[in-house]
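Trainee: One-letter residues, chain by chain:
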Amino acid sequence: MDLATFGVQLLNAIQYGMVLFLVASGLTLVFGILGIINLAHGAFYMIGAYLAYWIATYTGNFGIALLGSVVIAFGIGWLMEAFLVKRLYGRDHLAQVLLTFGVILVLDELRQLLFGKDVHSVPPPAWLSGTIQLTDNLSYSIYRLAICAFCLIVAAIIFYVIRYTKIGMIVRAGAENREMTRVLGIRFDVVNRYVFAVGIALAAFGGAVVAPISTVFPGMGDGMLILSFVVVVLGGLGSIAGALIGALLIGLTDTFGKVFFPGVASILIYVLMAAVLIWRPNGILGRREI
Amino acid sequence: MNMQSDRQWWFIGAVCLAAAIALPFLVPAYYAQFAAKVFIMGILAMALNLVVGHGGLVSLCHGAFFGLSGYVLALATPGYDPAALWWTLPLALLVTAFAALIIGALALRTRGIYFIMVTLAFGEMLFFLFFDNQFAGGSDGMFINTKPELAIAGYQLFDLDKPITFYFAVLAALVVTIAVLSMLVRSPFGHALAATRDNERRVRALGFPVFQIRLTAFVISGALAGLAGYFAAAQFGFVVPQMLGWHVSATALVMVLIGGLRSVTGPLLGALVLLGLEEVLKATTEYWKLIEGIVVIVLVIAMPSGLRQLLPHVLGRTTKPAPPAKSEATQGGGAHG
Numbered sequence: 001m002d003l004a005t006f007g008v009q010l011l012n013a014i015q016y017g018m019v020l021f022l023v024a025s026g027l028t029l030v031f032g033i034l035g036i037i038n039l040a041h042g043a044f045y046m047i048g049a050y051l052a053y054w055i056a057t058y059t060g061n062f063g064i065a066l067l068g069s070v071v072i073a074f075g076i077g078w079l080m081e082a083f084l085v086k087r088l089y090g091r092d093h094l095a096q097v098l099l100t101f102g103v104i105l106v107l108d109e110l111r112q113l114l115f116g117k118d119v120h121s122v123p124p125p126a127w128l129s130g131t132i133q134l135t136d137n138l139s140y141s142i143y144r145l146a147i148c149a150f151c152l153i154v155a156a157i158i159f160y161v162i163r164y165t166k167i168g169m170i171v172r173a174g175a176e177n178r179e180m181t182r183v184l185g186i187r188f189d190v191v192n193r194y195v196f197a198v199g200i201a202l203a204a205f206g207g208a209v210v211a212p213i214s215t216v217f218p219g220m221g222d223g224m225l226i227l228s229f230v231v232v233v234l235g236g237l238g239s240i241a242g243a244l245i246g247a248l249l250i251g252l253t254d255t256f257g258k259v260f261f262p263g264v265a266s267i268l269i270y271v272l273m274a275a276v277l278i279w280r281p282n283g284i285l286g287r288r289e290i
Numbered sequence: 001m002n003m004q005s006d007r008q009w010w011f012i013g014a015v016c017l018a019a020a021i022a023l024p025f026l027v028p029a030y031y032a033q034f035a036a037k038v039f040i041m042g043i044l045a046m047a048l049n050l051v052v053g054h055g056g057l058v059s060l061c062h063g064a065f066f067g068l069s070g071y072v073l074a075l076a077t078p079g080y081d082p083a084a085l086w087w088t089l090p091l092a093l094l095v096t097a098f099a100a101l102i103i104g105a106l107a108l109r110t111r112g113i114y115f116i117m118v119t120l121a122f123g124e125m126l127f128f129l130f131f132d133n134q135f136a137g138g139s140d141g142m143f144i145n146t147k148p149e150l151a152i153a154g155y156q157l158f159d160l161d162k163p164i165t166f167y168f169a170v171l172a173a174l175v176v177t178i179a180v181l182s183m184l185v186r187s188p189f190g191h192a193l194a195a196t197r198d199n200e201r202r203v204r205a206l207g208f209p210v211f212q213i214r215l216t217a218f219v220i221s222g223a224l225a226g227l228a229g230y231f232a233a234a235q236f237g238f239v240v241p242q243m244l245g246w247h248v249s250a251t252a253l254v255m256v257l258i259g260g261l262r263s264v265t266g267p268l269l270g271a272l273v274l275l276g277l278e279e280v281l282k283a284t285t286e287y288w289k290l291i292e293g294i295v296v297i298v299l300v301i302a303m304p305s306g307l308r309q310l311l312p313h314v315l316g317r318t319t320k321p322a323p324p325a326k327s328e329a330t331q332g333g334g335a336h337g
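Protein chains in written order, with our numbering: chain A, 1 to 290; chain B, 1 to 337.
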């Protein structure tokens, strides 16, 4: 493998890892603050992609599509917390798993009703649709670079908000010691609703942003759900930095696995997960329990 | 449970068994086939409930054990000849038990929400193993052209290709599953398992090997899910990777929830209710999954203890104390939010 090919694969790995990070950070944020496991997270990734496709076909503007799908997903997330997830606090994990599974069934069927089950593709915005010529026969899509940039910006915003703002302080305090934070007068019902909506919006953003480079298809949510889970298991539940490490590890493992060991590439990330489970059962940056 | 109600449950069980034996002679073949499907999914849901209800571990990879066992049968069936039941069934159970041992040993290093995610991920690993590779038909799956038979020295004892034989074989598997699970739950092992669910630290402090207890339950539960998968593959006549997918596990969990977590046979009732509902919905609307999803959501919110919650209302006074309103099955670690 020459240097240019290696560079391209490395960029692919980072781009893939960054999208994974965005989606998984939504999942881990919701778990860290609400203590809820949301199986429908992947379904919102799929919905985000379909919304982007739908809005892009009507408006012809990918920027509006991206924004619109995130805003709509935020709204759905807000409503979902207010009407469903709210009732799960204090319930066991089985209730969380099954309620969110029910939401998946509903979302899948609604998607079927609204958009059908066809596979779609979305054109990237014109000014990002070209390629960069790396060598004579090797080029790289500008849009893929733009994804890296998008995701880095969003990741930076997440880190900034969590680390340096008052909202971030509340979120961190809530993840650390919920009761104490409540006693100090923080309205958790409000915090929960926004955190959940932001988590869902992140999933939809991930789906919308990859729509131009991958096809939009009904089963895309399931695969993403599993990958986000693996990211969270690798990185440590509730840890945003852990999610970043986990996502980049999976991006690298998957991309280079496909290059070097095409036969077993789909198994490799699970081998990685098994190894981390043996080494650190609570994830690379996870806290120890019991 | 006192002697009085114990005897009552034996009586109800005997009546149900008698009805199940009489069923294929009384109703059209379609309904007997439907009943066999209910029994098969009931075995899966009851097997799952050993770890979920009694062990407090929400597993999302039992669909993978279910499908894996089906694939063992498909791969062991030689072309157009029937597979021999006497070795393919034990082989299928052995393979699923082994898979459960490996996955369980890794997944049980975690608990709570982690356990759910890890079992889901490993289950999907098995899914992709069969989906991406061509040795078992890839994404198209495989046909099982003839159902297995039991023959001794060339003389055919019974042939699962006959619907009536198949029905009774499944019924026998169901009875064995109920017997095994009932004995397990009442044994010292079952009590230890329930104790690890209720208070892991205390059980550990008392010197019980928590990990081994949970792993044993997980392996037994996985093997029984394999029993269901073997018959499911034989009934459908084909296997596809979706059989291993986590939606199967989640559907079985819904059955567990409907039937109630704390009884052995509850999930069987759950299977009957859910499959019956699906049957009715499929006949009435194209978008039956939408209704099913809404039903699941409403069930979780309104009936945390399953249909048993309705029992006091139906019977007036009950012979059993009312089940606890809030199940604290998986209270253990994990939820440090």
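Treat the hints with care, since some could be wrong.
DEER-style ranges, computed between Cβ atoms [as the list claims (entries may be wrong)]:
#1 B:Phe238 to A:Pro218: 36 to 44 Å
#2 B:Trp86 to A:Tyr140: 53 to 61 Å
#3 B:Gln242 to A:Val71: 49 to 57 Å
#4 A:Val190 to B:Val27: 53 to 61 Å
#5 B:Trp10 to A:Pro262: 57 to 65 Å
#6 A:Val71 to B:Ile301: 22 to 30 Å
#7 A:Gly223 to B:Gly276: 25 to 33 Å
#8 B:Ser5 to A:Leu114: 47 to 55 Å
Covered by chain B, per the in silico footprint, the following chain A stretches (three or more residues, Cβ under 8 Å) [to be verified]:
#9 95-101
#10 226-238
#11 265-273
Since the hints were made in silico from the structure, they are not lab data.
Heads up, the beta-carbon is just placed ideally off N, CA and C, and yes, glycines get one too.
Trainee: Determine which of the earlier numbered hints do not hold for this structure and return their numbers in increasing order.
Mentor: 1 and 3
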